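For this one, chain S is given, so just place chains A and R on it according to the hints.
So the protein lines, in turn, are chains S, A and R.
Oh and the first sequence: position 426 is 426 in this note's numbering, straight run, nothing missing.
Oh and the second sequence: position 211 is 653 in this note's numbering, straight run, nothing missing.
Oh and the third sequence: position 42 is 802 in this note's numbering, straight run, nothing missing.
Just so you know, the hints here were simulated from the structure itself, not pulled from any lab data.
Nothing here was measured: the structure is a model prediction, and the numbers come from that model.
Any given hint could turn out to be false.
As the list claims (entries may be wrong) - The calculated lysine to aspartate or glutamate pairs, modelled on EDC-like cross-linking and capped at a C-alpha distance of 20 Å, are: (1) S/Lys133 to S/Glu168; (2) R/Lys884 to A/Glu561; (3) R/Lys795 to A/Glu561.
Stated by the list, open to error - Part of the chain A face toward chain S, derived, beta carbon under 7 Å: (4) Ser613; (5) Asp617; (6) Asn701; (7) Pro706; (8) Phe722; (9) Phe725; (10) Leu736.
To be verified - Sample of chain A residues lacking proximity to chain S, with all beta carbon distances greater than 10 Å (derived): (11) Ala616; (12) Ile647; (13) Gly649; (14) Ile669; (15) Ile747; (16) Phe749; (17) Tyr754.
Each residue gets a CB set at the ideal place from its N, CA and C atoms; glycine is no exception.
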Amino acid sequence: MALNRRQFLIGAGGLAAAATTMGLSACAPGAPSGGSQGGGEQGGKTALALAWWGNPTRNKNTEALIQAFQQASPNITLNGQPGDFASYWDKLATQTAGGQAPDIIQMDMAYISEYGNRGALLDLGKNGADTSKFVEGTVESGKINDQLVGVNAGINTAVIVANPKIFEKAKMDMPDDKTWTWDQLSDVAAEVAKKAGIPFGLVYLFGGDPMFGAYLRQNGKELFTEKDVGFEPADAQAWFDLMMKFQKAGGIGTPQQISEEGSPGGGKPIDQSAIVLGRGAMQYQNSNQLEALNAASGESLKLLRAPSLAGKATERKAWYKASMLWSASAKTKNPEAAVAWINWFANTKEAVDIDKAERGIPPNAELQEYIKPKLSPAQQQVAKFIVDIKPELASTPIAPPPGGGKLAEIMFRYESDVLFGKASTAEAAQKFVDEVKSNLQV
Amino acid sequence: MSAISELSTVRRVKAKSPEEKRLRAKEAARDNKAGYLFLLPWLIGLVLIVAGPLIASLYLSFTNYSLIQAPRWIGLENYARMLDDPRLHQSLKVTFIYVIVGVPLQLIAALAIAMLLNEGMKGLAFYRSVFYLPSMLGASVAIALIWRQMFESDGLVNQVLRVFGIPATTSWIADPKYALWTIILLHIWTFGSPMVIFLAGLRQIPGMYYEAASVDGASHWAQFRKITLPLLSPIIFFNLVLQIINAFQAFTQAFVVSNGTGGPSDSTLFYTVYLYQRGFGQFQMGYAAAMAWLLVAIIAAFTAINFFFSKYWVFYGD
Amino acid sequence: MATPLETTARLTGPAPQEAIHHGPTWRDRVRSVIKHIVLIAASLIMIYPLLWMVASSLRPTEIIFRTPGLWLNDLYIQNYTEGWYALSYPFGQYIINSFIVVVGAIAGNLFACTLAAYAFARLKFRLRGLWFSIMLLTIMLPFHVVIVPQYIIFNKLGFVNTFVPLILPKFLATDAFFVFLMVQFIRGIPRELDEAARIDGCGHWKIFSRVMLPLMGPAIATTAIFTFIWTWSDFFSPLIYLTEPYAYTVPVALRSFLSATEGSNWGPMFAMSVVTLIPLFLVFLFGQRFLVRGIATTGGK
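So here's chain S without its partners, still in its complex pose (with noise of 0.2 Å):
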């Protein structure tokens, strides 16, 4: 079928019009040349690709601190791949698929052995990694196998946060969080809903791991051990049954209630939460949320410990969590240049001033020392709490295990059918503990 010229030129336009997009597509604006993912050379440089999630503060921190390291390090340049919690995680498994992970990676708790135990992550301590002079028990949380994968980029801990006015409004004193027990808390919790007609005596309490970790602690077991569930049924059990003690006395809410409110970080975004809105008296949440739940609720909420078995809060076994990581890529091409950046970050006075404990108080224990004065007030408060709870914490607990890092949510989930009466607390806890082990992938 000979082509004739309109049949021509019709499909001459239409690879034109291909070509150009594809032309304008390949080189998207400001590109350096050939897509680049870092790890390579630019012009004498190195190059290396940052990826982190956070919020626009953060973002433009993070981009203050990119100047000022490549100032610092002029042979490096960093080129930097915000995004947001949720998404950063289905593009880091999607980039470490294709081999283009990025050269430094900020990472999490919850993802740090998925990445960390399947050979993803660099050996930090091998190439220079500096956390001489971190405060003792922030430094376990990023070793996996013995292996020093994540530096603590900011140091938090879970903390029943409290709302002063609301107390007040109820006629209570703030409770003595060093002597209170787990029912103590329970009554409060029932009391403040109570007289000040709020939904909430006290949120998200069980929907998280780290409260629920506290309680196993206390009664010698953990979370995790190395390779499996580091607790029994009965224990879940256990911890679904005071649940339950808590609803009945009204400390928690209703069934629905607590469904909405979700569980902490999965559940309403932070500026819509019981506390800020004024339902909620007291809430758990990790300590580096504090300046964020003032701005939204306008309040200067306190910080609260959890409680303790005995009412000893030196008993209570609490520990330093690391808010985030800094991990590097095992693949990257510049081991020095990405350890550089850890080390620059965690390690000097230039970039604590600048990110200034929003990502959580600084490891390194001189430069906590340093930057309190410079603080808001919040993070002071939040500093404050860190130190002070010095002599009530216990040893670190390790991270998850691979297929592991799901255990909160799948935890709400059993609560809530133990909540709308669709599973006893027994089978609960069992179905609970059978699931998190089946999905272990040790």
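Same frame as chain S, but now just chains A and R:
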């Protein structure tokens, strides 16, 4: 019979002479060549972009693949596990309810509004845009978030109900009994896409038929049954097939409204949400691939049934 | 039932003046008013969430979720100025990126899908049924599973962090939805028209470009509009393929405003969502006219 259909009849008479046979063979060959030429871009795309991933995903379904490490062959183990997986069964149940309830309701709404808008009226362009707007954003995160908000215990829906004197305090999205229905409602709300397609199809039906039928004294309902439905049937069929396929694959709305959990208590655990949880959340991409192919089988079955029955009610001009 | 052409013949036969025109009766008027009321009520319900989003974009972030109503006390325009500059690049950058991708996608789909649809609908070729089934199969596979192998392919070709993976597939008719849509439209066009053109000596290309394409107006408009809207809102593919911020498209950029754990900037996010809605709305408004311009003829010469 008109001249042109006579012409068609002539052509349908079997070729008898060897000349005619050669002619037809030549035409068939030309058709064949033309067919492949027209199909060329699609074929290239199939080979380059589609076939590879398609086959890869099938292969992956027989492996244990964490995305971070290379896949490891495990044979039929994924498929065997699927038989015992209560969450999988739950996700099938949820998705089936969504498809069987949501698709017909959405299509009926779409057709009804399309017909209303087809009548030509003042403000047509305005109404059409208004009814299409939700669909434009339906897949967006912002709208799904707003939708979730609306159905919370103090959300808009309850506030409106209270205005009417109903003491509404239920949290629709937090109760396993109701949560799925809010998502079905969201699906119906975004009827704009099939509506636009219906409208385009309705526009292709020449107005003269309706006029002729009116002149003949046919009622609106009879016109609908005898003119609209048959002539629109290819489009109805298209919308039906594709909305079913889409509904089985529904992801974003359920994901955002349930915060990615499929909750409360897995009452909104759509099949693709569960697939996503397994594949990306739990680094079990091999299992996710097996789930994907099961879904393909289910959708293919539904589609085949659709195609089979289409010969009884779909009327093509050719 | 009467074939289209027979009905035409009947209409052109008897004298047109036999049709009786009346002015609108009161019954027609009432019907019209009721219809408008129903439509307006339905419209309100339909777009309330959108109106609320627009209203929220003019409120400071802190009060947004405490105010379900539409009434605005002040116009908090800062959300728009803040939102425009809040991310790594002025928001206009992301809008431009989205436009590039979308225009490419539309060109690709219109080019490739019409060709493929004509082949499936009108041409007899060997294995047609098989290819058609495979095409339908491609729609049925959930994208989460296909995306990883696809990413690996594009990565090996070096196209990550470009727009190529977002546009090239459209030129290769991978949007089987539109192929199928057009197939259905074409099959609704009487074959007699093809025959007539054939008698005139047209080959397939002429039939395609001179007879089919003009008659497919609504299908083409639908394809263009839907491609625009779906590509504009596509999140996952740009997320995976575009690694660096200057290349982000609008949905990815909008996500940066949200942070579940540290407090989101709802005000600016809604403001930018509204801004990005405007092109969608305009495209639809403008494109509607082509949907309307359907065929009024019955194919007589």
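Hints versus structure:
| no. | hint | in the structure |
| --- | --- | --- |
| 1 | S/Lys133 to S/Glu168 | violated, 42 Å |
| 2 | R/Lys884 to A/Glu561 | violated, 38 Å |
| 3 | R/Lys795 to A/Glu561 | holds, 11 Å |
| 4 | Ser613 | holds, 4 Å |
| 5 | Asp617 | holds, 5 Å |
| 6 | Asn701 | holds, 6 Å |
| 7 | Pro706 | holds, 4 Å |
| 8 | Phe722 | holds, 5 Å |
| 9 | Phe725 | holds, 6 Å |
| 10 | Leu736 | violated, 19 Å |
| 11 | Ala616 | violated, 4 Å |
| 12 | Ile647 | holds, 30 Å |
| 13 | Gly649 | holds, 32 Å |
| 14 | Ile669 | holds, 36 Å |
| 15 | Ile747 | holds, 34 Å |
| 16 | Phe749 | holds, 31 Å |
| 17 | Tyr754 | holds, 38 Å |
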